[in-house]
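Keeping their order, the protein sequence lines are chains A and B. Using the working numbering, you'd call the opening residue of the first sequence number 6 and step up by one each time. Using the working numbering, you'd call the opening residue of the second sequence number 975 and step up by one each time.
Hints should not be assumed to be uniformly reliable.
[What the hints assert, rightly or not] Chain B regions said to be covered by chain A (calculated; three or more residues, Cβ under 8 Å): (1) 1001–1010; (2) 1073–1085; (3) 1099–1109.
Just so you know, these hints were derived from the structure itself, not from any lab. Just so you know, even glycine gets a beta-carbon here, dropped at the ideal spot from N, CA and C.
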Amino acid sequence: MGNSGDAVGGSVGSWSVRAIVGTMIPVLAVLSVLEMGSGFVLHELEQTFLGRPTLLVLVPVMIAMGGNLGSILSARLSTRLHLGTLSFSPRDPVIMTNVVAVLALAATVFTALGFFAYGLTLVPVVGVGGGMTLRETVLVSVVSGMALAVVAVVLSISATYASYRLGLDPDDTTIPVVTNLCDILGVVILAVVSLLVL
Amino acid sequence: MFFLSVSVVRDAARIYRGSIAVLAVSLAGGLFAGSVLGVDSMADAFTEYPGLLLLLPAFLATRGNVYGALGARISTGLHQGLIKPRLERDSRLINAVVASFINGISVSVFIGFMSWGILSVLGRESAALWELVGVTLVAGLLTSVVMIIGLLLIVFGGYRRGIDPDNLVGPIVTTLGDMFGVVFLYIGVIVVEVML
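Isolated chain B (complex conformation) (with noise of 0.2 Å):
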């Protein structure tokens, strides 16, 4: 590494520093996601539903680009000045809202849909077709409400106080679609058990 000059020390670090902090707030959330996952009842609700393990992955990544994909068109618009950062009955701002929920809901339900699939068609024990779709739906439409209503207070209320939402957007989706993503899933799987 005899090309590592002071210069790109100095400015490795300037960049380390401009970054250090908003890792550091998905990490705390992660943290939180995972110590959710990783408490005995939900171990055990793993092993109790075959596929519920299997969708995990897709079901927090989806968070990020459907709610992901609002924060940045909700950006646009504002810098645009097609929206105003204020919650009214703007007809661009309903249909990216109205759009957004069809999609979470849509793909939750297909996630649920694919993992009972999978493990059908590979002859592996799966939990019932109908509980797998009903945590993600559940799941998918708690965390579709609190996820649209938290993205755009924050979005709005940074880019009231001068905050570009561009450097907002792709930390508030991760953080809370992984805290508020496995809580749900969670409560998903106990309105599965109650109904039963």
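Chain A on its own, in the form it takes in the complex (with noise of 0.2 Å):
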């Protein structure tokens, strides 16, 4: 997400519209038609999913937090390799402490998510979710973030990686090409989790 394409300068004519929207619409296009694949998982799982509205809810979340994770994981390890404190071990402890912390935050995240999931489909009149008990709702959601949560790791260190050594800024390959995959695996995940749960 974010700076993807963008090579702002200080003239004029990076600022034009035309600039703009010429660097911007051919990425937009490519990763909406990627996007079209979580789609495509979410309307072929329509069944699993309408009949437990309760799972609806989890989807934005779902969408945003494997971003949200794998920049705050990659947008760290790109600062460490500018600063050139960073050596790809999985010993090294920059790399670990910063696992360790995203894991941490995921467990945090996804417990909750889970229990204020089931908590709206308790709320009356407005009718949200429904169809999975506080064990089910709870199971799916911590199983399903780890899950992205590794995912969000793995690609964070590999992105990472692979800009050091190709020579590109990491700032910006890494962060959007990490979040616009974790958004895109985050609902695909929950669906594989859903099948196998529920």
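Make one complex out of these two single chains by using the hints.
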């Protein structure tokens, strides 16, 4: 997400409508085609999701949170890379520290998501969600959330490593790639976990 | 995990404390968006308009990409002193806003069209092309207006109070984008139904 493809310079030229639209539209078109992949998973599992509207309540957080966790990790790794204090070893204390923090954040957020999503189904009148027990909701939320966090960790580290080897600035490559892939995979993981658990 | 030393745990706790507030806000926004999706009448709309569920992730994610790019551009412009943190008739600011408006609307229409196209090619049941494009066009227009105004007010306001806009843009865009994205998608459905 974010600074994909905008080589922001000082000249008014790079701030022209034509330049901004011209660089962004191809990127946006490719990304939305890829996003249709996770939409297709939702569409194919329509009965599962519409029969258990609580799953729909989980969808936006699953889409947003993978990107959030991925961008926290890649932003920190890319800063370390710029500072030259990063080594790509699983025992590197910087990598370990960040991975532990991201997994702890994910555990907190997705446990809370499970309880809140179930809590919303108990609110009278508005009729939000339904079709799942508390245990099912928390289980689906935590299992898919932790799976997504592991995917975000693996993608962030690989993408930072790839941009380092290829000599690209991770700020322009890693973060947009990781957040978009996590957006797409969030829904796919939620769907797979729901099929396995429910 | 024998290399989980004391310093690793201590530093991890520091990162955790630094990020948990932003994630909690994002969680609250996502739960709001989720409850709009999970409302009975929205679930009915998904059944009534096949293709709406197919376009949902793309519609929500592109909000982040379009307005995240606008936010990153404004934030860089502020840092470089190219634009001032004020709502004024500055040609760079106007260009950036107009471009993100064009991007947002074009991508919304493209997504509606693609959803119809994918289902048609596969020979599946689909809502009419004008229904899907109508919903994404209305939703895209309304989200653009709210996102652009919200982003400018918060980024400029934050910058004047000494907050680095780079730290504001990401969470604002994902949270506002999801919240308004689903609400306006729902309004888009209502508009299309009324026009029928």
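Here is what the structure says about each hint:
Here's how the stretch 1001–1010 of chain B fares: 7 of its residues keep a CB closer than 8 Å to some CB of chain A, so the rule of at least three is met and the hint holds. Against chain A, the stretch 1073–1085 of chain B contributes 8 residues with a C-beta closer than 8 Å to a partner C-beta. That satisfies the three-residue criterion, and the hint holds. Only when three residues or more bring their CB closer than 8 Å to a CB of chain A does the claim for the stretch 1099–1109 of chain B stand; here the count is 0, and the claim is violated.
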